[in-house]
Amino acid sequence: MSGTRPLVEISMGIEAFASEWLHCDRISSYLARMVSHNRTDSLLYANLMSSALNELLETAFAHHGPEGDFSCRVSRAGDADVIELDLPCDAAALSFYSEAARRLSQPDLAETYHAALFSPGRADPHLGLLEVAVDYRARISIQPEQGNRLKLAAEMALEGAAA
Amino acid sequence: MSPDRGYQASFNENNQEFVIAGKLRPRSEDEIRPLAQSLGEALGQVKGTFYLNVKRLARLNNVAFRVIAGLVSQVCGGRPDLRVEVVTSSVMGWSTRKFLPLARLLPNVSVNEYDKDFYPGQSYLEEGGFIPILRAQTKLTWQHEKHLLPRHGLRPGMAMADVCCGIGDFAVLVQKELKPASILALDHSRSSLDYARKVAADFGVSGIEYVYGDASEMVLEDNQFDFVTCRHSLQVFDRPELILRELYRICKPGGRVYITNEKNSHCLGEPRAESIQWTYNEVARLWADYKMDIELGPKSRRYLIDAGFEDIRVDSFMVTNLDGDPQSFADIIQSWENVYAGEMARDRGDSPEFIARFRQGFQDHIYAALHPKGYAGWPIWAASGRKPS
Chain X
-16 MSGTRPLVEI
-6 SMGIEAFASE
4 WLHCDRISSY
14 LARMVSHNRT
24 DSLLYANLMS
34 SALNELLETA
44 FAHHGPEGDF
54 SCRVSRAGDA
64 DVIELDLPCD
74 AAALSFYSEA
84 ARRLSQPDLA
94 ETYHAALFSP
104 GRADPHLGLL
114 EVAVDYRARI
124 SIQPEQGNRL
134 KLAAEMALEG
144 AAA
Chain F
243 MSPDRGYQAS
253 FNENNQEFVI
263 AGKLRPRSED
273 EIRPLAQSLG
283 EALGQVKGTF
293 YLNVKRLARL
303 NNVAFRVIAG
313 LVSQVCGGRP
323 DLRVEVVTSS
333 VMGWSTRKFL
343 PLARLLPNVS
353 VNEYDKDFYP
363 GQSYLEEGGF
373 IPILRAQTKL
383 TWQHEKHLLP
393 RHGLRPGMAM
403 ADVCCGIGDF
413 AVLVQKELKP
423 ASILALDHSR
433 SSLDYARKVA
443 ADFGVSGIEY
453 VYGDASEMVL
463 EDNQFDFVTC
473 RHSLQVFDRP
483 ELILRELYRI
493 CKPGGRVYIT
503 NEKNSHCLGE
513 PRAESIQWTY
523 NEVARLWADY
533 KMDIELGPKS
543 RRYLIDAGFE
553 DIRVDSFMVT
563 NLDGDPQSFA
573 DIIQSWENVY
583 AGEMARDRGD
593 SPEFIARFRQ
603 GFQDHIYAAL
613 HPKGYAGWPI
623 WAASGRKPS
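As you go down the protein sequences, you meet chains X and F in turn. By this note's numbering, the letter at position 129 of the first sequence is numbered 112, and the numbering carries on one by one without gaps. By this note's numbering, the letter at position 175 of the second sequence is numbered 417, and the numbering carries on one by one without gaps.
Please note: incorrect hints may appear among the correct ones.
Unchecked claim - Lysine to any residue pairs mimicking SDA-like chemistry, simulated, CA-CA at most 20 angstroms apart:
#	chain 1	residue 1	chain 2	residue 2
1	F	K265	X	S12
2	F	K440	X	Y13
3	F	K265	X	Y13
4	F	K440	X	S12
5	X	K134	X	P(-11)
These are calculated hints, taken from the structure and not from any lab test.
Isolated chain F (complex conformation):
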């Protein structure tokens, strides 16, 4: 490790992964001789595939690039059995383009922009008609969250970050009604960010900066924000603890991190409760098959404690058909059915019989929501923790 030089380098033998992070702009090759030596030794001892992880390497000049490329070329040239996979991140902007010529030059080198693999459900969430779901959801959850957020520590004038901001409508509502000094809203979907910027511009809302980023490895400095939100997102990741670690890192000591998550199997409705219950139990299994935990809500307390937070506060609330227009609630359920019983169930290989029963539960939930004497609910857990001072 050489943190004083602006970069960190480490080799994990078990993964055969050499990680370089930080800033690497030496004047001469001599300045990074220790790095070159470690990399050379690591390359010399591996078999099969060697991973050169530069996804958190923020800066790299040509002096350093030539040292790295020279070592890789030298080893690969003499060992056609060895494969070198350079792991980049789209967040940096320059790194994939910088390393691609190396892959063109050497047949056993490849460049893999890793971000897409980290988000197993992102394609469904981006392209599966989720924007209408998200809009309707925020509209209904805001009725509850606008009262909860001050209880969890959000105050006017705070520096706030909304990580995994999606289409940005939550950030707009917060900025308009709760008046933080500024909001940095980050997401890994360019299409969602484009939409978010348009929403903010259409409503004439300023003070929100929308940035592209990877929630698990944000290019943001430590200890920047008084209040960090991350809503309905830990449940989408297969390793939520990585996200929490980053939320903790960017939060100021004494500041708070606020998360919301669901427990979908607890969605309920009357009449037709049994069919509804069956379908939402299956929703939880479906998400688990895609490595997402839609049951995470009640686990929030444990996750926050394990991440090092203190003064944990947990609330739960039920979004229901009585919160406003029942049709809005029904529209959300219809959107869930379209995505879960549509593309996701099909891609999992579910039978037509299963899908028909799966769909029926959603339709029964809609029936309950619109029934003059019916009741339909969707439970959400809001939790926050304070970063120790």
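Looking at chain X on its own, in the form it has when it is part of the complex:
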């Protein structure tokens, strides 16, 4: 993404990432702490960043192509941080993320999110993305890339978001 300064990136094979659920929590906690140290209130920022990043990682954990590299990168653009997930993508995953992009572009996103949050039965698979878009006011973009890959980016200005 232009105009951003890379801060930190974690890369691994998607099979390794998806082999252990705890990776979502560990990566989100670690990266959040790393990128928050020079924010005004580092602990508060890390709390918010970890929560948002974990939802994105849990989404990627559940929806991705079968093989290839997976990376999670955080870049900074002034007050905003940009999380980019780069992952392999097969037809099923592409369909999932296309539908997510469609829903995220709809009006009344908060209403959609709250309906998904309390929906009976199985959880809405887009719930995490909806939460990040609504509660963290993230600008989410989903772009298919060449070679059966997909880039999911979320730009968030979390400084002062808890006040």
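Position chain F against the provided structure of chain X, taking the given hints into account.
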């Protein structure tokens, strides 16, 4: 209790309070079935108000949220007589926002960000013109404390925390003159922290990290700091032992916790000693009415021993009108009068006659401070204890 899973859950029947703390990010509902079962049972047996305390729940994913929300919805839907109060903390940042939709969905659910209630005097201290008091106080107490701090164990290169750092001027003085490796300065007032960051930036001081936090439940790991300070703050809390427990927790084994507190009824002055004495006795009663113990200073030793510290060291010193510019001392007293005999006495419902006499004692203290042959004093107790190795 399930500490190995990253979360702890417990139910206190007497308080009707279910506490969930730690980290709750399961992959599936099955992973937190024991928690769901305990919560369901607790909800099923209470009457009146049920408290769901998540103020120390640091992480929560949607899988877990839906389990909790589902149980609460299910029980509340069938029992309109039951009230559920979700207790969150502003320190976490995300939790109030996360649970508020549940309160919008269910009329008998409410979300209460608890922090404000824990600090009964905070609004006075933040908004009652206290910044000038704090600045002048630190300037005068520093003359004494810069000599005491090394005696209480502060050394260059240490990792230090200043809990309840207020406007941060003490941390700046420590960083400049006593050179710890780093200072984490924590306070529960965003306006004070904003001011603190500005002071540090204006003076070009680095190495201090200012963070928002609740001193009674800090989101800091155990055993992190060589030296932990908490000045003039235990006396502001109605349950100082909770703060001390946290100071103990974040201190490294072998490290020391340093506290300062006052005994306001021992403020003194000559001439007009009697009027001064009367007013400061009343100050102690006023603070007690607001559940704050401004007489805590000499009790420091007991508090530290009860909290588990060893090698307790206690010093007392008297800040006086002879420590520097007497006008600075007089300014502090004037600030006390403005807040104590102003908003606090009014809010307590004191009569105009009482307030007039109350104010007179402060004015007499100022008179003593500025009198060419006068003497005015404000006693402070500095105490520290070592966390056992």
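Here's how the hints hold up against the structure:
1. Using a Cα cut-off of 20 angstroms, the hinted pair F/K265 and X/S12 holds, with the two alpha carbons roughly 11 angstroms apart.
2. Proximity of F/K440 to X/Y13 is assessed by CA-CA distance (about 29 angstroms); at most 20 angstroms being required, the pair is judged violated.
3. Proposed proximity of F/K265 and X/Y13 is supported: the alpha carbons are some 14 angstroms apart, at most 20 angstroms.
4. As the CA atoms of F/K440 and X/S12 are separated by approximately 29 angstroms, the hinted pair breaks the 20 angstroms bound.
5. A threshold of 20 angstroms between alpha carbons decides the hint, and for X/K134 with X/P(-11) the separation of about 16 angstroms falls inside it, so the pair holds.
Violation of the numbered hints given earlier is confined to hints 2 and 4; the remaining hints are satisfied by the structure.
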